[in-house]
Amino acid sequence: MSLMALRERLNVLVNSMFLEGLLDQQFRQLQMLQDASSPGFVAEVITLFCEDSERMLTELTKLLDQAVVDYQKVDAYVHQLKGSSSSVGAQNVKLACIQFKQFCEENNKEGCLSALNMVKHQYYSLRSKFDTMLQLEQRIQAYDSEQQN
Amino acid sequence: MEEVEKREEGGNDGMLEGGVEVRVLVVDDSPVDRRIVEGLLKKSGAMFQVTSVDSGKRAMEVLGLSEDKTKSPVVDGQKVDIILTDYCMPEMTGYDLLKAVKERSCKKPIPVIVMSSENEPQRINRCRAIGAEDFIIKPLQTNDVLRLRSYARTGPPPPPPPPPPSSSKAGTKRKMTIELMAEAAAVDRKDAGRALPGWRWRDSNHRHRTSAIGSLSYCNY
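Top line first, the protein sequences correspond to chains A and B.
First residue of the first sequence? That's 0 in numbering that gives the first Met the number 0, and the numbers climb one at a time after it.
First residue of the second sequence? That's 0 in numbering that gives the first Met the number 0, and the numbers climb one at a time after it.
Keep in mind that the hints were calculated from the coordinates and are not lab data.
You may find that some hints are simply not true.
In silico lysine-lysine, DSBU-like type, Cα no more than 35 Å apart, as pairs [said to hold, decoys possible]: (1) A:K72 x A:K128; (2) B:K98 x A:K72; (3) A:K119 x B:K56; (4) B:K56 x B:K101; (5) B:K106 x A:K72; (6) A:K72 x A:K61; (7) B:K42 x B:K56; (8) B:K42 x A:K128; (9) B:K42 x B:K106; (10) A:K72 x B:K56; (11) A:K128 x A:K61; (12) B:K78 x B:K42; (13) A:K119 x B:K42; (14) A:K61 x B:K56; (15) B:K107 x B:K78; (16) B:K56 x A:K108.
Work out the full structure, taking the sequences as your base and the hints as a guide.
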């Protein structure tokens with residue numbers, strides 16, 4: 000596939016993610032921070048976000064699996080996840096975290112469990128599109144470094 | 000725990016011609032946010048040298064303010080021009096760090112800017128009351144970091160604020176009364192984009208407010 004076609008495919012993907020509410024304007028900020036001197040910035044941030052989020056989702060699952068739930072710890076993790084999803088522009092994940100926080104404050108275990116499922120659902124939908132995005136970025140970068148040689 | 004990350008940014012060996020590099024210590028427990036702030040500082044073109052750490056405790060070590068005398072500072076405490084810290088962190092919060100820095104570097108207080116995802120007036124006032132230079136709502140934007148330079152210890156002094164009607168205060172240091180700060184902030188809101196010193200907290204990015212009242216997080220004050 001030509002470089003132009005790759006770029007077009009990436010644009011179409013990212014635009015669809017905006018339209019579907021997976022991403023918000025904060026993601027545009029990240030894109031603007033990527034330039035010739037840091038060509039992998041977006042990929043780096045996305046990767047950090049995914050690693051961090053999956054770690055937190057694992058912890059949250061464990062915490063809610065306990066007979067007696069430590070809501071303070073749960074809230075702390077949800078707060079962190081809300082923060083990082085807000086920072087990268089992961090809108091749907093952020094919104095799901097806000098709902099989650101609400102149930103946490105009410106010490107509502109059933110609510111928390113369903114909210115956790117929603118967060119996971121939103122995260123993994125985003126994750127699969129991020130994966131495609133990263134693959135496209137990599138192929139585009141490969142072209143660019145070829146052209147420089 | 001992560002090692003201290005140092006990033007030299009900008010060309011010319013990191014030095015602005017005729018100017019001075021601003022050394023920023025970023026303190027945030029979120030690896031995502033740390034990386035984004037580094038990216039923002041680099042892109043601003045204002046020649047920042049960024050060191051980032053993941054905890055208040057680590058920040059204290061780097062600043063040479065740690066209780067533990069065996070921890071030698073990686074960065075000389077005198078060589079940090081600005082501290083940019085997250086508010087909500089486990090163990091030592093941004094507020095704790097702010098307090099410790101202001102208390103222990105009182106001869107040459109290092110400017111501290113606090114970042115938070117929560118737009119809470121109480122929280123902002125608490126930070127302000129113990130000497131925080133500014134408070135920024137997350138997620139950070141490009142124009143948030145642009146005004147950081149004005150707080151740098153080694154940067155050029157910002158234009159002096161207009162004197163209050165009945166002030167007997169003189170002096171070359173950038174000391175502002177609370178009233179002046181509020182005034183500067185009010186003027187500043189009309190001139191958005193100009194890097195005036197003073198209190199500004201913006202949340203123009205917050206489309207979805209959360210209720211922070213009754214939050215169970217470890218920084219619920």
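Now for the hints, and whether the structure bears them out:
1. Our distance criterion of 35 Å between C-alpha atoms is met by K72 of chain A and K128 of chain A, whose separation comes to about 30 Å.
2. Using a Cα cut-off of 35 Å, the hinted pair K98 of chain B and K72 of chain A holds, with the two alpha carbons roughly 25 Å apart.
3. A hinted pair counts as satisfied when its Cα atoms are at most 35 Å apart, and K119 of chain A with K56 of chain B qualifies at roughly 32 Å.
4. The straight-line distance between the Cα atoms of K56 of chain B and K101 of chain B is roughly 15 Å, inside the 35 Å bound, and the hint therefore holds.
5. For the given pair, K106 of chain B sits about 39 Å from K72 of chain A by alpha-carbon distance, which is inconsistent with the 35 Å threshold.
6. This hinted pair checks out: K72 of chain A and K61 of chain A have alpha carbons roughly 11 Å apart, not beyond 35 Å.
7. The straight-line distance between the Cα atoms of K42 of chain B and K56 of chain B is roughly 28 Å, inside the 35 Å bound, and the hint therefore holds.
8. This hinted pair checks out: K42 of chain B and K128 of chain A have alpha carbons roughly 26 Å apart, not beyond 35 Å.
9. Taking the CA atoms of K42 of chain B and K106 of chain B, the gap is near 32 Å; set against the 35 Å cutoff, the hint holds.
10. Simply put, K72 of chain A and K56 of chain B have alpha-carbon atoms about 21 Å apart, close enough for the 35 Å limit, and the pair holds.
11. This hinted pair checks out: K128 of chain A and K61 of chain A have alpha carbons roughly 26 Å apart, not beyond 35 Å.
12. Between K78 of chain B and K42 of chain B the CA atoms are separated by roughly 22 Å; this keeps the pair inside 35 Å, and the hint holds.
13. Simply put, K119 of chain A and K42 of chain B have alpha-carbon atoms about 33 Å apart, close enough for the 35 Å limit, and the pair holds.
14. For the hint pairing K61 of chain A with K56 of chain B, the CA-to-CA distance comes to about 28 Å; that is within 35 Å, so the pair holds.
15. At roughly 11 Å between alpha-carbon atoms, K107 of chain B and K78 of chain B fall within 35 Å of each other, so this suggested pair holds.
16. Among the hinted pairs, K56 of chain B with K108 of chain A is consistent with the structure: their alpha-carbon atoms are about 34 Å apart, no more than 35 Å.
Checked against the numbered hints given earlier, the structure breaks only hint 5 and satisfies all the rest.
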